[in-house]
Amino acid sequence: MSGSDAGRRQFLAWGAGAVATLTLAPGVLLLQPAHGRAPAEAASGKVRWGMLIDTNQCATGCDACVTACNRENGLSGGTRETDSQWIRKMELEDPRTGRKTSLPMMCQHCEKPPCVDVCPTGASFKRADGIVLVDKHICIGCRYCMMACPYKARSLVHENLADQKPDVPRGKGTVEACTLCVPRVDRGEHPACVEACAAAGHGAIVFGDLNDPASEIAQRVAKYPSVQVRADLGMNTGVRYQGI
Amino acid sequence: MKIAYREIEGRSAAYWLLLAVLGAMIAAGLAGAWTMEHHGHIVTGMTNQIVWGIPHVFAVFLIVAASGALNVASIASVFGRGFYKPLAPLSGLLAIALLVGGLAVLMLDLGRADRLVVAMTRYNFTSIFALNVFLYTGFLAVVALYLWMMMERRMNRYTTPAGYAAFVWRLVLTTGTGSIFGFLVARQAYASAMLAPMFIAMSFSYGLAAYLVVLVVAYAWSGRELDAAVLRRLKNLLIVLIAAVLYFVAVFHLTNLYFARQIAFERFILVDGGIYPALFWGGQIVLGSLVPMAMLAHPHLGAARGTVVAASLLVILGGLAQMYVTIIGGQAFPLELFPGMEVSSSFFDGRIHPYTPGLPEVALGLGGVAIAGIVVALAVKLLRFLPERLDAQLAESQ
Numbered sequence: 001m002s003g004s005d006a007g008r009r010q011f012l013a014w015g016a017g018a019v020a021t022l023t024l025a026p027g028v029l030l031l032q033p034a035h036g037r038a039p040a041e042a043a044s045g046k047v048r049w050g051m052l053i054d055t056n057q058c059a060t061g062c063d064a065c066v067t068a069c070n071r072e073n074g075l076s077g078g079t080r081e082t083d084s085q086w087i088r089k090m091e092l093e094d095p096r097t098g099r100k101t102s103l104p105m106m107c108q109h110c111e112k113p114p115c116v117d118v119c120p121t122g123a124s125f126k127r128a129d130g131i132v133l134v135d136k137h138i139c140i141g142c143r144y145c146m147m148a149c150p151y152k153a154r155s156l157v158h159e160n161l162a163d164q165k166p167d168v169p170r171g172k173g174t175v176e177a178c179t180l181c182v183p184r185v186d187r188g189e190h191p192a193c194v195e196a197c198a199a200a201g202h203g204a205i206v207f208g209d210l211n212d213p214a215s216e217i218a219q220r221v222a223k224y225p226s227v228q229v230r231a232d233l234g235m236n237t238g239v240r241y242q243g244i
Numbered sequence: 001m002k003i004a005y006r007e008i009e010g011r012s013a014a015y016w017l018l019l020a021v022l023g024a025m026i027a028a029g030l031a032g033a034w035t036m037e038h039h040g041h042i043v044t045g046m047t048n049q050i051v052w053g054i055p056h057v058f059a060v061f062l063i064v065a066a067s068g069a070l071n072v073a074s075i076a077s078v079f080g081r082g083f084y085k086p087l088a089p090l091s092g093l094l095a096i097a098l099l100v101g102g103l104a105v106l107m108l109d110l111g112r113a114d115r116l117v118v119a120m121t122r123y124n125f126t127s128i129f130a131l132n133v134f135l136y137t138g139f140l141a142v143v144a145l146y147l148w149m150m151m152e153r154r155m156n157r158y159t160t161p162a163g164y165a166a167f168v169w170r171l172v173l174t175t176g177t178g179s180i181f182g183f184l185v186a187r188q189a190y191a192s193a194m195l196a197p198m199f200i201a202m203s204f205s206y207g208l209a210a211y212l213v214v215l216v217v218a219y220a221w222s223g224r225e226l227d228a229a230v231l232r233r234l235k236n237l238l239i240v241l242i243a244a245v246l247y248f249v250a251v252f253h254l255t256n257l258y259f260a261r262q263i264a265f266e267r268f269i270l271v272d273g274g275i276y277p278a279l280f281w282g283g284q285i286v287l288g289s290l291v292p293m294a295m296l297a298h299p300h301l302g303a304a305r306g307t308v309v310a311a312s313l314l315v316i317l318g319g320l321a322q323m324y325v326t327i328i329g330g331q332a333f334p335l336e337l338f339p340g341m342e343v344s345s346s347f348f349d350g351r352i353h354p355y356t357p358g359l360p361e362v363a364l365g366l367g368g369v370a371i372a373g374i375v376v377a378l379a380v381k382l383l384r385f386l387p388e389r390l391d392a393q394l395a396e397s398q
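From first to last, the protein sequence lines are chains A and B. Here my numbering is used: position 99 in the first sequence is 99, and no number is missing along the way. Here my numbering is used: position 277 in the second sequence is 277, and no number is missing along the way.
So here's chain A without its partners, still in its complex pose (with noise of 0.2 Å):
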């Protein structure tokens, strides 16, 4: 056996131990299409979070994504015009046709949000795997992030709180809206409105990382037509749909 085979065939080995260790390792597998990652690590730019909504599958009256949203993050669920609401069901009707489609709709973290742009302190933030947040610390409550939204996804917090989840802050004066679940997303769990949609046997709503091909949206993207709301205005959004 010569010199040169001896390194190649140690450089296989370790190579394949290599692979070995990424396969095993936890929160680096490859195969979910959801990946958590460590309290430490920060938000990688690789990842492109991202939703698929078939309106097709979507269902008028249901709102089990809404009462799973409000469930996670601690929201009222009321409907008066100073409460809020992350996510909504619309109906859509066109006139010409009388073609009806229900849909949710929700913060659809562009990759180019206006509500960052205007934000004066700079607590509206892109995080690098394009999760669009409100950093309540610094939100000083102007609401000009709610007149920039196309989508009318965030709400100002109107009123005193009480009992809200550990991992969900709000606060009374500051603006919130949608955070794709981010602490489940972090998790490697899906936001609660996919589960509750899945749940509810209507598996509208696809979540994962628009950036991997290997992807359960990646390939659904690619492979049918999909949409932007408003994609006339050129932000890039998170979230596509399908059917409308």
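Keep in mind that the hints are not guaranteed to be accurate.
Unchecked claim - Pair by pair, the computed Cβ-Cβ distance ranges are:
hint : chain 1 : residue 1 : chain 2 : residue 2 : range
1    : A       : A128      : B       : L171      : 35 to 43 Å
2    : B       : Y164      : A       : A231      : 44 to 52 Å
3    : A       : Q219      : B       : L270      : 44 to 52 Å
These are calculated hints, taken from the structure and not from any lab test. Every residue gets a Cβ at the ideal spot worked out from N, C-alpha and C, and that includes glycine.
Assemble the complex: chain A is given as a structure, and chain B must be docked to it using the hints.
Then chain B, alone, in the frame of chain A:
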């Protein structure tokens, strides 16, 4: 001929009554702000649909009028019209006072007014709001400097460059204010480069109207002479400025009417939107523009003090009506997520959003006006802002 500036005496019953009324209004405004801070915005008429309300109507009006109040000083220093020189210090003072009043309202309306220090220490420079913090504070500094150059004899020779700086600054400032709305791409009422120049034209008109009210009242109450020739020039200028605003408003709406996607919104604001067409046509156009123009153009009564004050007050009320239509009407019309579709939801999609201002927010807005008023009332008593007499002979000699 030298201009002799002198403090007003400020001992009359009317003066003390004015201070008392303004003081009470400020107290009511602060009580309103405290209520909003304590209970949250639930005590106002503002909602998640009508995000900005009456406080913003007053605040934006005051800020826009502030830059316009500097007109008279700019005409003297930048355009070299000596006639206006004796009038200039009051112009600078009023600009500062109106801006302070407007900013106070804006700050006290914040969901977290206690985080003012955050707003002053953390900046996101893609935000026109963040830039405006610099434009507003910078404006106060530049105009204060300008006043110093005007009022301190040894510094008089620097008045012209300071006047240029203030003039350029006020144009940039109003561009920034108009752009708060102009940069909102998603809303049909806004998203237009027209808003910045239109706000500049409005600032000229509203600012001069505010200036004229203060000038005539200050001279009448302090028993000083105010020559009709001075008033005649200023009221003629106001006619031109009102016309300029009408021009911009006409072009803005005509452009929108030409775009099929904007027609529903224009219908709402101009025809069937309830209070908004009423305020637009009745408030902004007829009472706020056409009537004051006709009054001021009257050959005999046009330059009379009473006419000038009444017409100026109408321009101010028309300006508030315009801000109401622009700011609240623009939000009342539903945001269009799916053009061409009929939509409904639990979050009031596709519906016209109602708005009824609450008492605390009205008190806060009026409190801002009172802050501007009290700053002027105290400043003219403490410092030499007003010429002892203001006749045409003095003005012409400058």
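Okay, the hints, checked on the actual structure:
no.: 1; hint: A:A128 to B:L171: 35 to 43 Å; verdict: holds (39 Å)
no.: 2; hint: B:Y164 to A:A231: 44 to 52 Å; verdict: holds (46 Å)
no.: 3; hint: A:Q219 to B:L270: 44 to 52 Å; verdict: holds (50 Å)
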